[in-house]
Amino acid sequence: MAVNGYIRAQQISKIYDTGSLAVTALAEVSFSIAQGEIIGLIGPSGAGKSTLLNLIGGLDRATSGTLTVGGTELAVLDDESLAVYRRNTVGFIFQAKTLMPALTVYENCMLPLIPVPLPESEKHQRVEKALEEANIAHRAMHLPGELSGGEQQRAAVARALVNDPQLLLADEPTGELDAENAMRIMQLLQALNEQGRTIIVASHDPTTLQIANRYLRLSDGTIVEEW
Amino acid sequence: MLFAYAWKGFWRRKTKSILTILGVALAVGLFVGVVSITQSVHQAVASSLAAAGADMVIQKRVEPCPWAEVKLPKDLAAIPASVLEELRKVPGVNEASGVLELWAFHKGHPTMVAGIDPTKKTLGPVRIAPREGEDEESAKCCAIKYGRYLVPNDDYYAMVTVPYMDAKHLQLGQKIFVGPDRRFEICGVVDLSGAARIAAAEVFIPLKMAQKLLGQGDVVSTIFVDVADARAIPAVQERARELIGPEVSFTTESNVDEGTAALAAVTRRSMLAVSVLVILFAMALLARSGVESVMERIAEVGLMKALGWRNADVGHLFMVEALYSGIIGGLVGCGLGWLIAWGFSVKADLKLPEALASFAPCSTTQAPLEIPLSTTPSLGLFLGGLFAALAIGALSGMMAARRAARMDPVVALRRI
Chain C
1 MAVNGYIRAQ QISKIYDTGS LAVTALAEVS FSIAQGEIIG LIGPSGAGKS
51 TLLNLIGGLD RATSGTLTVG GTELAVLDDE SLAVYRRNTV GFIFQAKTLM
101 PALTVYENCM LPLIPVPLPE SEKHQRVEKA LEEANIAHRA MHLPGELSGG
151 EQQRAAVARA LVNDPQLLLA DEPTGELDAE NAMRIMQLLQ ALNEQGRTII
201 VASHDPTTLQ IANRYLRLSD GTIVEEW
Chain D
1 MLFAYAWKGF WRRKTKSILT ILGVALAVGL FVGVVSITQS VHQAVASSLA
51 AAGADMVIQK RVEPCPWAEV KLPKDLAAIP ASVLEELRKV PGVNEASGVL
101 ELWAFHKGHP TMVAGIDPTK KTLGPVRIAP REGEDEESAK CCAIKYGRYL
151 VPNDDYYAMV TVPYMDAKHL QLGQKIFVGP DRRFEICGVV DLSGAARIAA
201 AEVFIPLKMA QKLLGQGDVV STIFVDVADA RAIPAVQERA RELIGPEVSF
251 TTESNVDEGT AALAAVTRRS MLAVSVLVIL FAMALLARSG VESVMERIAE
301 VGLMKALGWR NADVGHLFMV EALYSGIIGG LVGCGLGWLI AWGFSVKADL
351 KLPEALASFA PCSTTQAPLE IPLSTTPSLG LFLGGLFAAL AIGALSGMMA
401 ARRAARMDPV VALRRI
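Taken in order, these protein sequences are the chains called C and D. Residues 1 to 227 (this note's numbering) make up the first sequence, in order. Residues 1 to 416 (this note's numbering) make up the second sequence, in order.
Honestly, the hints are just simulated from the structure, not real lab data. Glycine included, every Cβ here is placed at the ideal spot set by N, Cα and C. Among the clues, some could well be false.
Quick list of simulated restraints, FRET-style, between CB atoms [as the list claims (entries may be wrong)]:
#1 C:70 / D:2: 24 to 30 Å
#2 D:15 / C:16: 32 to 38 Å
#3 C:46 / D:15: 18 to 24 Å
#4 C:63 / D:281: 55 to 61 Å
#5 C:63 / D:270: 55 to 61 Å
#6 D:277 / C:102: 52 to 58 Å
#7 C:15 / D:2: 32 to 38 Å
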């Protein structure tokens, strides 16, 4: 495998040491992802999909190996630099239940921008643009509990877009949606990809990943298939 | 924007926020209340010295002699008036004035008499002018209500107090018996209310006439001393001991409040110590509460970190929320503390020690021993209370910020 591209992983492992037991979540995984690709991560629960997303997203650190995103090796970044990397480069699309229930959709989308040193007007512009892109602007002043499942997920997508990230990481974004809403979300991700963003989507359901350019199948912490 | 978000978050968790504010308010309120009460009590009892224009009062105690128609009251002893001149020579002494207190019996009934020096208008139990730098309102002097003050060449003239005049149905110009057979014309009526008076009396006559009545020569029973600087007091005390002897007693601002009955049970220091301990306890409690609040919001913290918040940003959020508790709790606490102090001042019943006023048990009027207590809000105390509240909030915020910084976002996100 040629290990070059926007995202490059070389023999990365993640081992969780719980004291009495060491759990290998990822075992010497290597891959390369070019800029602008949509990658589907497939595998059963516990295969290591979320762990891989967390490592690429800078939420966690690899135990060994090299992981480079956009030319930046993540292992050399300290906690503060990793936070800035997450802020500027990555947009995490979690499941809709991660929306703060006491905040409106607008306020949820503003959350990533609160500590960012930008003028207030620019922050509002970014939020409004992200809401438009995710097609949820008309529900901006509603609380998450007042939205349908699909609308909540679109709000989660909007929140991931406010910092205009080049890399979107989606962990089971359609997990609790019906087929129709799941398709709408994937179409939204495809539209975002057409703007040049690199997208990695993790799902245990391969039928939702029809938009992907390439697929990586994980099992027990290793990539068992790639196509 | 962080402040606005923190403010919203603060009120989203109403119950916890209100309880935290209450905790801070109670601790600060107790501190402010105790300090305010002790300050006002100290100022009030010290006002008895201020009312005399004195920084120190000197007396001598002996076994009382019960058999005389004109006698020194209780266990007060005669002090030679020459001591005054010697005390005036001590560096730092502005002025010294002598008063001769007497019980003068007429047909078996005592009158409380004080012989005062008419030339000492700013120093003594009845003064008619403020000291240099004092304003008339705070000096509690200038007691003439009707008539005139005694003058140096007065002999058989007297000033009486308002209660004595009312009790005896007296008028200006009327003559009264002072002692078994001497009559004095009332030239003035004095109002001694508004402060507790050391060496107060019912009737004030010229010192030389009081000395004549007693018949023990040029003597006084109480010496009022005005010093330029409180640091001169030890030297004055030492000289007074040399001149008067070991039975001498001194009353100054620092020891007069220890004699008042209200503070006999609980000293100022122990009350202050308790209030400081309460502040420290509140700090510890709220610091723990701050850490617990981070654990309650673990998912929120994980999400923020995933969305690009740095550890410092998360820490700032918790610090700002904690400071909101401190500011609001501090303001409420200062108000509560002042209310506590005001309530105490309304109910408190403070009196000067009986030793400082020599009225006989069967006297016509009551000795003016009541100490009026007032609590005025003090900017220094308000700022001190607010500072204590902010310190409580800051400590709580710092503990929370540290805990949040150590939180693993991956572990935190699993809680969602």
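Query raised in the report: Is 32 to 38 Å a correct range for the gap between the Cβ atoms of residue 15 (chain C) and residue 2 (chain D)?
Result: Hint holds: Cβ distance 37 Å, inside 32 to 38 Å.
Report task. Please test the hint of 55 to 61 Å on the beta carbon pair from residue 63 (chain C) and residue 270 (chain D). Result -> For residue 270 (chain D) against residue 63 (chain C), whose Cβ atoms are near 59 Å apart, the range 55 to 61 Å holds.
Report task. With 52 to 58 Å as the target window, see if residue 277 (chain D) and residue 102 (chain C) comply at their CB atoms. Result -> 38 Å, violated
Query raised in the report: At the C-beta level, are residue 15 (chain D) and residue 16 (chain C) separated by a distance inside 32 to 38 Å?
Result: 37 Å, holds
Query - C-beta pair residue 63 (chain C), residue 281 (chain D): status relative to the range 55 to 61 Å that was hinted - result: 45 Å, violated
Query raised in the report: Does the hinted range 24 to 30 Å hold for residue 70 (chain C) and residue 2 (chain D) at CB?
Result: 28 Å, holds
Query raised in the report: Between residue 46 (chain C) and residue 15 (chain D), does the C-beta distance stay in 18 to 24 Å?
Result: The hinted range 18 to 24 Å is violated for residue 46 (chain C) and residue 15 (chain D), with Cβ atoms some 39 Å apart.
Figure legend: structure checked against the earlier numbered hints; hints not met, in rising order: 3, 4 and 6.
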